[in-house]
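Asker: The residues making up each chain are set out below.
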Amino acid sequence: MNILKFIETFTDDSLMARTGSRRDSFNQFGNMGRNLALASIPFGLSAMANKALAKDITVTPATPIGALQFALTLEYLENEFYAMALDSGVIPASENGGRDLKVFQQIADHEADHVKFLIAGLGGTMSPNFVAKPTFDFTVGGAFDPFHDYPTFLALAQAFEDTGVRAYKGQAANLISTPDLLTAALQIHSVEARHASEVRRLRGLKGWISNAERGAGMPAATQAVYDGEGVTMQAGYNTASLFGAAAGSEAYDEPLNTQQVVDIANLFIV
Amino acid sequence: MKNEVKIQEVNPSLDSRRSFLKLSGLTLVSAGLVLAGCSNNDDDNNMQDNTLPGIKNGVFDLGSGDFGVLTYAYALEQLEADFYTKVVNASNFNSTFNDIERQVLTDLYHHEVIHRDFFKAALTGALPDPSSQLLPSLAFNYGSMNFNSRNEVLATAKALEDTGVAAYNGAGKLIKSADYLLLAGKIVSVEARHASAIRSLINPNSKDFAGDDIVNTSTGLDVAKDPSKILPIAGGFITTKFTANYLP
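Sequence lines, in order, name chains A and B.
The first sequence begins at 1 in this note's numbering and counts up one residue at a time.
The second sequence begins at 1 in this note's numbering and counts up one residue at a time.
FYI, nobody ran anything at the bench for these hints, they're computed from the structure.
Glycine is no exception: its CB is placed at the ideal position from the N, C-alpha and C atoms.
Just so you know, not all the hints are guaranteed correct.
[Claimed, not checked] Output of the computed footprint for chain A on chain B, the stretches with three or more beta carbons under 8 Å from beta carbons of chain A:
1. 73-82
2. 120-132
3. 160-174
4. 179-186
5. 213-219
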């Protein structure tokens with residue numbers, strides 16, 4: 001049920017297609033329906049709501065310590081998101097015969113472990129390299145209700161996991177001089193990818209990203225998470241040559257740089 | 001440390017078979033092949049970063065440094081690509097697997113063949129003398145594995161994907177070039193997405209997609225292994241002899 005409900009609720013394309021052709025819908029609603037649909041999308045709210053008060057995180061240095069601090073902030077975000085979701089009861093114990101609850105309990109455990117691991121890696125909470133947890137607002141100023149509306153929770157979970165995969169990848173070069181830290185970051189990176197794959201399947205998608213598509217039911221402005229994923233040239237090799245662009249792009253995940261991830265994370269930091 | 005993958009046809013005793021199965025995690029594979037030798041040598045004097053891949057003492061060696069790591073990855077991707085090619089071409093593929101399983105396995109076939117051909121192209125373009133330094137196409141043997149058995153195919157796929165993740169995670173620190181490191185990173189997360197998907201097909205109503213057998217329950221870290229730990233696993237299927245004497 002969740003996918004259909006979610007599509008009806010959030011996707012601008014569906015909002016318009018529901019009453020007929022796209023053109024008819026435009027005629028019927030004019031731009032109003034489209035604007036309303038776009039406005040009710042978390043990643044599109046950066047210029048709205050409480051951002052004037054936001055204590056935004058800033059770009060971390062391109063150093064091993066900076067990479068760990070950056071990773072810790074992302075793990076804080078994921079950890080709090082899943083902990084709040086489990087506390088709220090938004091994940092129906094009956095969903096998929098209990099599968100969803102098992103999945104998110106496991107993911108929550110991992111994110112909590114990652115927070116502890118990274119704090120220890122930075123030298124503990126008294127270390128000058130330690131960074132404190134920001135204050136998160138997963139409702140983005142009240143526009144969203146991920147802890148009462150399960151489809152919204154699922155969509156944000158997919159966005160966070162796919163962002164996490166791209167974010168760690170983008171930090172790899174900053175860790176190349178510290179082999180042990182690089183290895184640990186890679187070991188977290190692949191866990192995030194396992195999570196992303198499973199969350200996507202819970203939402204009825206493939207576990208991998210085709211082209212730069214955010215996937216059915218994802219709010220249009222989550223596109224920031226998927227922009228640039230459609231690359232089909234890797235080190236001069238055309239990955240689309242054998243089986244087409246979708247398969248070629250699926251076979252490689254692309255990085256996000258620090259600024260791109262900070263921009264996404266700051267939407268949820270107040 | 002020297003790593004040598006030697007595959008010999010033997011009549012596996014119970015003990016050797018058990019150790020092979022334990023090592024590989026391939027509980028359903030009973031290939032008539034065992035790993036005959038992975039010789040360790042404490043003489044690390046030859047652990048240089050500039051040994052190019054190529055024939056050494058009559059056997060192809062993967063070499064060291066970035067070319068060694070890329071050649072190692074090429075060998076693993078050859079195995080994965082060959083395996084899924086056999087899976088999707090098996091006579092009963094359409095009846096063995098349901099729609100969702102066929103979709104997943106066909107996607108994995110595409111992705112792994114793309115990875116294999118990518119490494120071949122990248123190495124051919126980058127190696128100083130690819131005619132002597134490019135790893136040849138390897139030969140494979142899956143023993144008695146039944147490609148028309150859902151359980152056997154999925155169990156082997158799970159082992160291959162988890163092994164791939166551990167291999168890339170362990171090889172990252174051996175890469176000197178940031179560009180090559182990023183390329184490995186682009187691939188390893190897709191291998192992890194695969195592993196998760198296969199694990200979900202095997203046991204959907206569970207936390208196996210990132211199970212406690214593979215993700216450390218106190219650190220939340222996935223597995224990372226050196227080539228010397230990976231090659232004996234992959235070597236169980238690879239019949240072409242090669243060495244990895246210059247990789248840890």
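Asker: None of the hints should be skipped; say for each whether it holds.
Answerer: Against the structure, the hints:
1. Only when three residues or more bring their CB closer than 8 Å to a CB of chain A does the claim for the stretch 73-82 of chain B stand; here the count is 0, and the claim is violated.
2. For a cut-off of 8 Å, the count of residues in the stretch 120-132 of chain B with a CB near a CB of chain A stands at 3, and the three-residue condition holds.
3. Judged by the Cβ-Cβ criterion of 8 Å, the stretch 160-174 of chain B is covered by chain A as claimed, because 6 of its residues qualify and three suffice.
4. Coverage of a stretch by a chain is defined here by at least three residues with a beta carbon nearer than 8 Å to that chain's beta carbons; for the stretch 179-186 of chain B and chain A the count is 6, and the condition holds.
5. Given a C-beta distance limit of less than 8 Å, the hint that chain A covers the stretch 213-219 of chain B holds, as 5 residues qualify and 3 suffice.
Hint check: a violation occurs at hint 1 only; the rest are consistent with the structure.
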